[in-house]
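Participant: Now for the letters of each chain:
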Amino acid sequence: MTAATPTLHSRAHGRLRPLWTAVLAAVPILFLAVFFAYPLVSILWRGLAPDGVLDLAAAGEVLGDGRIWEIAWFTMWQAAVSTVLTVVLGLPAAQVFARYRFPGKRLARALVTVPFVLPTVVVATAFLTLLGPTGPLGIDLRRTIWAVLIAHVFFNLAVVIRTVSGAWAVLDPRPEEAARVLGASPLRAFLTVTLRRLVPALGAASAIVFLFTFTSFGVVLILGGPGLATLEVETYVQTVTFLNLDVAAILALLQLAAVVALLVAQRLVVARRERGERLQAERASARPPRGWRQRAWVTANLAGLGLFLGVPVAVLVERSFRVGDGYGLEWWRSLGRRGRGSTLFVTPWEAVTNSLTAALVAMVIALVVGGVAAVVIGYGRGAPAHGLDAVLMLPLGASAATIGFGFLIALDTPPLDLRTSPWIVPIAHALVGIPFVIRIMVPAIRSVEGRLRGAAATLGASPWQAWRAVDLPLVGRSLAVAAGFAFAISMGEFGATTFIARPDRPTIPVAIYRFLGRPGDANYGQALAMSVILMVVTATAVLVIERFRVGEVGDF
Amino acid sequence: MRRLIVLTVVAAMLSASCGDDDTDGSSATTAPPATQTTAPPATQTTAPPGTQTTAAPGTSATEPPQVEGATVTIVSHDSFSVTEELLAGFEEQTGIDVEILTAGDAGEMLNQVVLTKDDPIGDVVFGIDNTLMSKALDEDLLVPYESPLLAETSDELELDPSHRLLPVDRGDVCLNYDVAYFADQGLDVPQTLTDLTDPSYEGLLVVENPATSSPGLAFLLATVAEFGADGWQDYWRDLAANDIAVQPGWTEAYYTDFTVAGGGDRPLVVSYASSPPAEVIFADPPVTEAPTGVIEGTCFGQVEFVGILAGTDEEAAARQVIDFLLSTEVQEDIPLNMFVFPANENAALPPEFVDYTVVPSDPLSMPPDEIGANRQAWIEEWNEIVVG
Chain A
180 MTAATPTLHS RAHGRLRPLW TAVLAAVPIL FLAVFFAYPL VSILWRGLAP DGVLDLAAAG
240 EVLGDGRIWE IAWFTMWQAA VSTVLTVVLG LPAAQVFARY RFPGKRLARA LVTVPFVLPT
300 VVVATAFLTL LGPTGPLGID LRRTIWAVLI AHVFFNLAVV IRTVSGAWAV LDPRPEEAAR
360 VLGASPLRAF LTVTLRRLVP ALGAASAIVF LFTFTSFGVV LILGGPGLAT LEVETYVQTV
420 TFLNLDVAAI LALLQLAAVV ALLVAQRLVV ARRERGERLQ AERASARPPR GWRQRAWVTA
480 NLAGLGLFLG VPVAVLVERS FRVGDGYGLE WWRSLGRRGR GSTLFVTPWE AVTNSLTAAL
540 VAMVIALVVG GVAAVVIGYG RGAPAHGLDA VLMLPLGASA ATIGFGFLIA LDTPPLDLRT
600 SPWIVPIAHA LVGIPFVIRI MVPAIRSVEG RLRGAAATLG ASPWQAWRAV DLPLVGRSLA
660 VAAGFAFAIS MGEFGATTFI ARPDRPTIPV AIYRFLGRPG DANYGQALAM SVILMVVTAT
720 AVLVIERFRV GEVGDF
Chain B
324 MRRLIVLTVV AAMLSASCGD DDTDGSSATT APPATQTTAP PATQTTAPPG TQTTAAPGTS
384 ATEPPQVEGA TVTIVSHDSF SVTEELLAGF EEQTGIDVEI LTAGDAGEML NQVVLTKDDP
444 IGDVVFGIDN TLMSKALDED LLVPYESPLL AETSDELELD PSHRLLPVDR GDVCLNYDVA
504 YFADQGLDVP QTLTDLTDPS YEGLLVVENP ATSSPGLAFL LATVAEFGAD GWQDYWRDLA
564 ANDIAVQPGW TEAYYTDFTV AGGGDRPLVV SYASSPPAEV IFADPPVTEA PTGVIEGTCF
624 GQVEFVGILA GTDEEAAARQ VIDFLLSTEV QEDIPLNMFV FPANENAALP PEFVDYTVVP
684 SDPLSMPPDE IGANRQAWIE EWNEIVVG
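Chain order of the listed sequences is A and B. Adding 179 to a residue's 1-based position in the first sequence gives its number in the working numbering. Adding 323 to a residue's 1-based position in the second sequence gives its number in the working numbering.
Honestly, I wouldn't trust all of these hints.
Cross-link-like lysine to aspartate or glutamate pairs, in silico, DMTMM-like; alpha carbons within 20 Å at most [as the list claims (entries may be wrong)]: (1) B/Lys440 - A/Asp230; (2) B/Lys440 - A/Asp591; (3) B/Lys440 - A/Glu240.
Calculated directly from the structure, the hints in this document are not laboratory data.
Given the sequences, and given the hints that come with them, work out the whole structure.
Facilitator: Laid out in structure tokens, this is it:
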């Protein structure tokens, strides 16, 4: 690398040379081609051309079905509303994390990730209690769209808070301060100055939240009540239950088309806003709250966040200790004991080890592939970079059942005989993690001012040195956030992995579902104890990952 | 986490239309401790597969089967469970390495096997049931194997005369009720499917969607068996009008909406006849009475099968694995691992299983062919009526 590095960027623009663009771009493109496009095309082709000849008869049947369009419409609007709610509710908290220093901040930021990894059915048991007539709201929201929307915000708030606060923290606060000095109210200064500078980060966060809620499955079915279903559910049933691959293929394509249209629209809005920003050391921009107003603001925000995310989590923790009519450690003790010796049983230790292994592998794959892609997109120019950006988002919007079944028929010949390999699980997780890494890294990379790099070059630094001295520290914060997400995604068992036949290496979520596969209060209690372990392991791991910041930003 | 939870569950125990049971469940099932358990699986499994009629390509019937060092992969639904020691003992005695590949619930597992039939992901498949068997047979996924242990299997469970699917366990999908709820409310427990449409049970029932759940499908089939192919639709319209909740799977129904487990608000749930014993066995502190009861008039019989996947390179070893699964040793291990009844009539039942398990006297049933021919249409019609 050392010998080649001087030519990595062209000196004038701090941009990648075309050759390097091509070489680096090959990494994510190859990964995506093998683990996404190939399985996807294989299963679509099997559905649409069972005899080797394209037959689109199912298209008429599906697209002429009014019910499908109703489902598509519901899928779109519930995702849009969920996204808007998540962004609006997440912004104030993002500001607090970005601009203020307070005791326990690192821990709080790690804890925010916890809801993100919890199994839907576990959270649902708490939600149905809290949203029932005896809950704190006092109104019965069970089996309504409200329950779905609230749950979507609960699960995805971490995406907005962490993505946006990461970008916000390194934003130079001086323009906003200037606006305040000139007499603008805090709200006005935010709306006129800061908000537009956050557009890239907001775009990234909202795109991810939208895709997650667009493909929502468990939340809609469990909390929404009869009558509510997303396109993802429809595709799942046609694929997994009926094996109607022709109908499933059309539905999968319809879903992808909607996702692509949305991503293109979003890029058009966001791309215009991305420009060089004055970035600033996080240390310099985050201060302890001063005066009662700031203290009240920080306190109110953290309290609100704590209540909204904390109460459902607290209900689950409380239930893991509730034994009979009192409290005890029975479920915790019996975790390692009951059912021992059956092939279904897994000790907490084994589950934690399996989860951590899979999550670390998934994180490394996502960081390498996503990181290289982010470099290409961030420093590259023109259509290829934008194209790569959009294409790498697709796995988030594709149907998990489609991809999972695609793996089965595509990855069946050496050297890609991965159908039943333990590698397939982290690879599938990485597919979901890569878009996070890119979405979080690219705005950070793009927003590094060219002038800084130019200054470094003027001072005699090679482009590689300049990149290390200028870019890396500024994007290091984002890298940590991205790594945390890539890790958490895998801990929470996302997407396609549910549909992969796999060797018996149960992770924590799998162990939880095994407990919840049987009646009996001990099984429920142990599932909750295991869920608490999942929370603790995830929060701890995210905390540790964030300690490994690449080159903390120094004071300028 | 945003995903469908496709774990099936406690599989079921069936009953079956068996004429050999007393109507009085517990006395019937306390079979005398079997005397035939003395044969270790190795002696059973080394029996030459001579009765076998067809051999897989590449396997000559004349060569002695080389199984030492073979790896046999069992493709199974997520609930498959045996005691590890039994499996380890089998592996040691035969030199066969057994791997378990879990592939979602029974329906999803079958479709994965169908999708990969040209290049199978395993050698043995466990858990295809009578609601799915006609599809498995039509798709030509399996090779026949007339195991010597079929002699010990209940004849009425042998639904496949071609011996491609061998019965391995049986159970019942039944409505369960929260005993305390009905006592506290002074409400009579519903006894029949028709009772459920009564306004006094409005808002009390949670069912699983048959499109995403095996017990959900079994319950739909129970209503078709009860009201006929032209009558079940009106029944479900009435049921839907009586405010039922629909969940995607058993876990979601039992642990979110059912009153007994997670704190839900519905005291009636579609579950299994073996759920009450599980409630007792997995109770802490221990209880003597099950908190749930079974409504016998709503039960639908399920039989689960094993078979050898066509295209396996390890057919001889796969046969030994099948024999192992059908042996009394494993069959006696099954009730407390998977909460289903063994198919082997010589297998003794554990007392704690027998004491709390209801064996319905006359569960609803339907020929597998009829299910196979109508399954998708009924599921789609059900969704139009109930989900809208």
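Participant: Look at each hint and say if it fits the structure.
Facilitator: Now for the hints, and whether the structure bears them out:
1. B/Lys440 - A/Asp230: holds, 16 Å
2. B/Lys440 - A/Asp591: holds, 12 Å
3. B/Lys440 - A/Glu240: violated, 28 Å
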